[in-house]
Amino acid sequence: MEEEKKQNKTATSKQTTKAKRTVTSNKPLRVSQPTSSTKNEKKVAKKNNLTVSVYNLDGKETKTITLPQTMFAEPENKQLIAQYVRVYLHNQRQGTVSAKTRSEVIGTTKKVYRQKGTGRARHGARKAPIFVGGGVTFGPRPRIFEKDINKKQKKKALMVALSMQARQQAIKVLEDKAIAMKPKTKTMAACLQAMNVSDKALLVLAKVENNGIVQSTRNIPFVDIIQASTINPYEVLNHKHLIFTETGLQALQDHFTKKA
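The sequence shown begins at 137 in our numbering and counts up by one.
These aren't lab readings, by the way, just hints derived from the structure by calculation.
It should be emphasised that the depicted structure is a prediction, and the values quoted were computed from it without experimental measurement.
You can take every hint at face value.
Below, a list of computed lysine-lysine pairs in the DSS-like style, where the Cα atoms sit at most 25 Å apart:
1. K336 x K196
2. K394 x K343
3. K336 x K320
4. K343 x K292
5. K196 x K320
6. K313 x K336
Beta-carbon label-pair distances, calculated as ranges:
7. Q351 x F267: 53 to 61 Å
8. E212 x K236: 46 to 54 Å
9. E345 x P276: 38 to 46 Å
10. K336 x T187: 17 to 25 Å
11. N227 x I361: 19 to 27 Å
12. Q351 x P265: 51 to 59 Å
13. G260 x N355: 56 to 64 Å
Glycine included, every Cβ here is placed at the ideal spot set by N, Cα and C.
With the hints as extra help, turn the sequences into a complete structure.
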């Protein structure tokens, strides 16, 4: 009898646990409310200063545009930027510097003076490093300074650099009409002055050709010109102002999408 009671108890306990499981499984799941992407984009644009002004040749603001979030809203990454700049500067070094050792210096191998009897130090040839005109001890030799960085890191570093400049409100856009302008440095200098650009500016074009804007800008000492496809994080951060033409900004965006 006792064994039958135990079996009945275990059976009833199993049934209750099954019932509990079925009850809990029938509970409605919590569904997260969908958020609108447009609101998020607006918040990101405000937070990262993605709204920039478009100027004409007179330096007057004609409209505003929003920079693409994929390129100009990257969080700051100083470690990656430092790594890229180190690699970039190493790759700019020529590495052909060379100093002659005592064996490479052309000159006599005759002993300077006799070994004994002069009271002076013992010397051999005049090509020794201790003499003026002799060889160099541990001097620089030709070497390869080249370093490498991954393509993904390069792309990420460029996006971080562009985003840092966007947060500092250092990006301006120039109308495409300026590309075919009449070559005149005075006109371009007045335009830059009206845009409050007076120090270390980088002009980004879709293609660097011998057109009006290039001829008008090349004699301004603080302005450098670069093609959108060859822009790099070092040049971006080494300038206080970034001036894109409308086609230059689009070319940069197209270059990113092609690489991705």
